[in-house]
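Position one of the sequence shown corresponds to residue 1 (our numbering), numbered consecutively onward.
Keep in mind that the hints were calculated from the coordinates and are not lab data.
Be aware that one or more of the hints could be misleading.
[Unchecked claim] List time: in silico SDA-like cross-link candidates among lysine to any residue, alpha-carbon distance up to 25 angstroms: (1) LYS159 / ARG120; (2) LYS80 / PRO142; (3) LYS138 / LYS41; (4) LYS41 / HIS87.
[Claimed, not checked] Derived DEER-like restraints, expressed as beta-carbon distance ranges: (5) ASN2 / PRO79: 38 to 46 angstroms; (6) GLU98 / VAL31: 19 to 27 angstroms; (7) ASP65 / LEU94: 17 to 25 angstroms.
No residue lacks a Cβ here, since even glycine has one placed at the ideal position from N, Cα and C.
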Amino acid sequence: MNHMRVLGIDPGLNITGYGIIESDGTLPVIVEAGIIRTREKGTMETRLLEIARELTAIIAQFEPDAVAVENLYSHYEHPKTAIIMGHARGIIFLKAAEANLPVYPYAATRIKKSLTGNGRASKRQMQLMICSTFGLKKVPEPPDAADALAVALCHCRAKVEKRTALV
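Throw the hints in and build the complete structure from the sequences for me.
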């Protein structure tokens, strides 16, 4: 299998988690993980601009081969959350397109199932599995960084499964 560097993103307006992992088909390795935090009192457009600028810098610095992002989902009680998340996802797709990077969206349940075997795993379970998978000594904080690593890992595993199925 070819070497692959994936930028996983857990989109949000307040906090966007990102994680970059490399994989050659064996055990993946974390390159970087962190968050983009916007100013809570900023306007929608300035906060989206902050996300855009940070993503541009992350893509330029780490040169990923692909971007994996969590799909939109909405709880009936909080439809506004999905709309706000949609704005952040739009910026992610735009920045990926500007860098000629393919974007692979994954449902939250698929990401969780890929990592824990349970599509309804808690944030804490996700953090602990990221620790276990990558041999980390402490749990990634905030959870958004761990979630972004999980998105990237889900993509790597999906690519390996697809290649294995073709053989």
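Hint by hint, here is what the structure shows:
no.: 1; hint: LYS159 / ARG120; in the structure: holds, 22 angstroms
no.: 2; hint: LYS80 / PRO142; in the structure: holds, 23 angstroms
no.: 3; hint: LYS138 / LYS41; in the structure: violated, 32 angstroms
no.: 4; hint: LYS41 / HIS87; in the structure: holds, 17 angstroms
no.: 5; hint: ASN2 / PRO79: 38 to 46 angstroms; in the structure: holds, 41 angstroms
no.: 6; hint: GLU98 / VAL31: 19 to 27 angstroms; in the structure: holds, 21 angstroms
no.: 7; hint: ASP65 / LEU94: 17 to 25 angstroms; in the structure: holds, 18 angstroms
Of the hints listed earlier, the one the structure fails to meet is number 3.
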